[in-house]
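**Student:** Numbers 1 to 178, taken from the numbering used here, label the letters of the sequence shown in order.
Mixed in with the good hints, there may be bad ones.
To be verified - Okay, derived cross-link-like pairs now, BS3-like style, lysine-lysine, Cα gap no bigger than 25 Å in a straight line:
#	residue 1	residue 2
1	K48	K32
2	K32	K96
3	K98	K32
4	K156	K98
5	K96	K156
Said to hold, decoys possible - Just the calculated beta-carbon pair ranges, DEER-fashion:
#	residue 1	residue 2	range
6	S89	Q47	45 to 53 Å
7	Y15	K48	48 to 56 Å
8	K32	P52	37 to 45 Å
9	E85	D40	21 to 29 Å
10	D37	A155	32 to 40 Å
None of these hints come from the bench; they were simulated from the model. By construction, the Cβ of each residue, glycine as well, lies at the ideal position given by its N, Cα and C atoms.
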Amino acid sequence: MTRGGVWPLPHSISYDTFNHTINPGQFHFTSKIGACDVIDEAIARYQKIAFPLYNPASYSDLPPTLTTLSISVTKGCDTTYPQLEMDESYTLLVDKGKGIATLAASEVWGALRGLETFSQLIYQPARNQDVMSQNKMNVLHWHIVDGESFPYTSAKYPNMSLLAFITIDPKMSCSMTE
Numbered sequence: 001m002t003r004g005g006v007w008p009l010p011h012s013i014s015y016d017t018f019n020h021t022i023n024p025g026q027f028h029f030t031s032k033i034g035a036c037d038v039i040d041e042a043i044a045r046y047q048k049i050a051f052p053l054y055n056p057a058s059y060s061d062l063p064p065t066l067t068t069l070s071i072s073v074t075k076g077c078d079t080t081y082p083q084l085e086m087d088e089s090y091t092l093l094v095d096k097g098k099g100i101a102t103l104a105a106s107e108v109w110g111a112l113r114g115l116e117t118f119s120q121l122i123y124q125p126a127r128n129q130d131v132m133s134q135n136k137m138n139v140l141h142w143h144i145v146d147g148e149s150f151p152y153t154s155a156k157y158p159n160m161s162l163l164a165f166i167t168i169d170p171k172m173s174c175s176m177t178e
């Protein structure tokens, strides 16, 4: 069997030849951040992504070698919108002796990227995978208008429309009332 990889490829990665066994019924995602909706919701989401077909009877005799993914974020739970300057870096270490994987990130956005990488490392035979999410292409790409210009004005982000197109004719853009 060949080994798959994570995508996009991290800055650096090293694999061991040891394969862990995970019993979904005994595996826990833990957060050292405290109350943080972004991380709590991501943990719930990735629990389903990592173990979508969990059947307790299938794993009853399976002794797990990996039981926990412990998540820590240095800067705490910052839920502001992502910015260009945000730090999406993370370190994911799997300790084969302790049965614990640790995910460390500076910001919550790095922890989310690390959770996605962790989910890609779990072997899932014959499973349909959400390729867009796994390739971290989860940015909204929406054609709000069909024109090449951007004749949309946003009340919340007015600079978005001001900087997005050149107004040649005032009739070519939409006002807030339209």
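**Student:** That 45 to 53 Å hint for S89 and Q47 (C-beta), does it hold up?
**Tutor:** Hint violated: Cβ distance 24 Å, outside 45 to 53 Å.
**Student:** Is it true that the CA of K96 sits at most 25 Å from the CA of K156?
**Tutor:** 49 Å, violated
**Student:** Taking 25 Å as the top limit, are the C-alpha atoms of K156 and K98 close enough?
**Tutor:** Violated - the C-alpha atoms of K98 and K156 are around 49 Å apart, more than 25 Å.
**Student:** Just to be careful, I want the Cα atoms of K32 and K96 compared with a cutoff of 25 Å; is the pair within it?
**Tutor:** 21 Å, holds
**Student:** Take the C-alpha atoms of K48 and K32, compute the straight-line distance between them, and say whether it is at most 25 Å.
**Tutor:** 21 Å, holds
**Student:** Lying within 48 to 56 Å: is that true of the beta-carbon distance Y15 to K48?
**Tutor:** 26 Å, violated
**Student:** Is 32 to 40 Å respected by the C-beta to C-beta distance linking D37 and A155?
**Tutor:** 25 Å, violated
**Student:** Determine whether the Cβ-Cβ distance between K32 and P52 falls within the hinted range of 37 to 45 Å.
**Tutor:** Distance hint for K32, P52 is violated at roughly 26 Å.
**Student:** A range of 21 to 29 Å was offered for this pair. Does it hold for the Cβ distance of E85 and D40?
**Tutor:** 25 Å, holds
**Student:** With the threshold set at 25 Å, check whether the alpha-carbon distance from K98 to K32 stays at or below it.
**Tutor:** 18 Å, holds
Hint compliance for this structure: hints 4, 5, 6, 7, 8 and 10 are broken, all remaining hints hold.
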